[in-house]
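Each chain, letter by letter, is given below.
2 protein chains.
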Amino acid sequence: MPAAVPSSSLKDLTSEQIMKLDLDPIWLRDTCSCKHCVDSSSGQKNFWTVDIPNDIKIKSRNIAGDGALEFTWENDLPGMPADHVTRQHPSELQEALLGPESMLSMQRKTWTASSLSLFAVDHNDYMNDPAAFREGLMALHQYGLIFVRGVPESKQAVVDVAERIGPLKSTFYGMTWDVKSVPKAKNVAYTSGHLGFHQDLLYMYDPPRLQLLHCLRSSAQGGASLFSDGFQACRDIYESDQSTFRDLCEVKTNFHYNKDGKHYLQSRPLIECKPGSGPSSNIEEAIDSIRAVNWSPPFQGPFTKHQIESTHDIKRWYKAARKFRDQSESDKNVFERMMKPGDCVIFDNQRVLHARTAFAAGDAGKERWLNGCYVDADPYWSALRKQY
Amino acid sequence: MPAAVPSSSLKDLTSEQIMKLDLDPIWLRDTCSCKHCVDSSSGQKNFWTVDIPNDIKIKSRNIAGDGALEFTWENDLPGMPADHVTRQHPSELQEALLGPESMLSMQRKTWTASSLSLFAVDHNDYMNDPAAFREGLMALHQYGLIFVRGVPESKQAVVDVAERIGPLKSTFYGMTWDVKSVPKAKNVAYTSGHLGFHQDLLYMYDPPRLQLLHCLRSSAQGGASLFSDGFQACRDIYESDQSTFRDLCEVKTNFHYNKDGKHYLQSRPLIECKPGSGPSSNIEEAIDSIRAVNWSPPFQGPFTKHQIESTHDIKRWYKAARKFRDQSESDKNVFERMMKPGDCVIFDNQRVLHARTAFAAGDAGKERWLNGCYVDADPYWSALRKQY
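First to last, the sequence lines map onto chains A and B. Under my numbering, the first sequence has 433 at position 347, and the numbering climbs by one with no breaks. Under my numbering, the second sequence has 110 at position 24, and the numbering climbs by one with no breaks.
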């Protein structure tokens, strides 16, 4: 694999140019997806990468009429037919070389209440028009928040909206759950006071990436839904003080749920970077490197002795976290929407914080009822990759 | 938090000794779980950690008759009653100081075919006797593999066995799935050839921690189940060559599933260490630092150009991975069991590799049928924590 070929230019290579690259034969052989090498019904490889002989060599190279690259082998894997040909279109080889994530390069756009370009799509279009669905997914990826309108009044409806993307996440709350304005329930979201900004299930190893809330009954005055882009709060912090941003990347806090025979627990930094990346000195790179923000004060547990001792100054974390709270709750950043029956919000639970205003006197006797469910990151990213 | 108190000795401190520690007042206030501070029905905190005033002070300390520690506050959180008392039993404070994971210190024991002390429990005991269930969970944690015997012949049975631990994992394969010896299916596990050692769903961000397979029909001659402790293969490698162990910790490979409108993808090292830990120069510490092994050749994708360039010598990975394959498949390490109807195996899918021998002529016309499902790490660890 020649270091002289920068990744960015690979996309523009012709078949002829790829053919001339000094491709590693083990690597190239590993990409083969012919009927002998990959099971056409299961999509699985029939050979083990580690079984490719060390002394395998490219015997011949050819460019077919349709531009596909064809290779034959000397010292191929045992059991392969003598006429075995590895045939790859340049785009397939480029995807293998660059990694499928290179296709998902569309930038996420952080937003404030005034800059948010809210995407709303009609239920029928979302469900039945692939182009409208694609547009919705793209907006969800960019902004972390979209609305589906005119969702039918049924408990199945939110399931159908979610499964348009992928399977529901199963948790101890069930596959779907109700958020009703009734006192005394398992979750403070079920009670009628003001509910502060938070994210759901951060005490799990893989918190839900998407949260869906379908409004079945709405209150008259209070109980409006609030959303704030956690990545925007990170941007605000970075702009005013990079060291605060770094503190939030480094110090881990604990999230726990310990009740009713369950004990869930995870430690995570408030700003969680993608694997192998950290806070850059360039703001766009720094924002781009964020995998998730983690903010769930109602489930935050105390620091352990070990965490305190391995952090140089724990008071700096408190100070930094207060800045995050202040930014995420600032009027500038908070988008408010009174959800109406038929509205279904889909938001990125590892990016967008959600909250709810307190109920008002006029809401007395009026039920607010949201039906919710979760989708994991895996099926969400799978659906996104399939749009390219 | 005085650095002079080592974590290990904290467990033995008396109430009097804890009382004399120089506890940080913000930290201590954060642990309060009285009825004002934690909602008794939801288990959630009613105050935000970041709202604890910087100038809070411990006003009084007292040891109650039952040994509980009682603290009152100067400059407490706004809205707290004047007579607010934070009351903690020493064990609660110790858990907060040491972290709940300190309770889960029981060592995992790596095993070979001859050293495995196989734990098998009767279905009725597992389901109804808390002590037997606890023993099963402990064995699962130690060895990563247990059997439940006498499981009723129904498709619901494996669900009940799994839900004794926690909610099923929902994937695009469904909540449960059949492994039958029929050709042409989505997964090579459904076909009749020899199925090599692998782990399931490594192309997901959070692969299933537990896999359950309930045997409903068994073949007569072939189709035996094989298991190999991936942590033992790591131990073998470490013992013969620490640098190979390190190579497997460092180089990431890609696992992918790209078929039928789905595109799942994850990069992981073959040996995945717990966050913040790496390969130690002490073998027991090195094995203890392993979070998971990742071995699924049928879903292994080619290295990207970036991965190859950031690895000094990719050929070293091939060599190291071959050693892992050889160790995990060695007669010494492979435990074989012909599952019979009524057997249900539960194994740690991120530790124990599984495989199946080829079917034999005598199996012709005889159906082999396993009913399977998955449980995530979160509910599994929750169940484990609740055993202490």
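Note that these hints are calculated values from the structure, not bench results. Please read these numbers as outputs of a predicted model, since none were measured by experiment. There could be a bad hint or two in this list.
[What the hints assert, rightly or not] In silico BS3-like links for lysine-lysine, alpha-carbon gap of 30 Å or less: (1) A/K345 <-> B/K360; (2) B/K405 <-> B/K195; (3) B/K145 <-> A/K409; (4) B/K345 <-> A/K472.
A quick look at each hint next to the structure:
no. : hint              : result
1   : A/K345 <-> B/K360 : 26 Å, holds
2   : B/K405 <-> B/K195 : 27 Å, holds
3   : B/K145 <-> A/K409 : 28 Å, holds
4   : B/K345 <-> A/K472 : 10 Å, holds
Going through the hint list in order, the structure satisfies each hint without exception.
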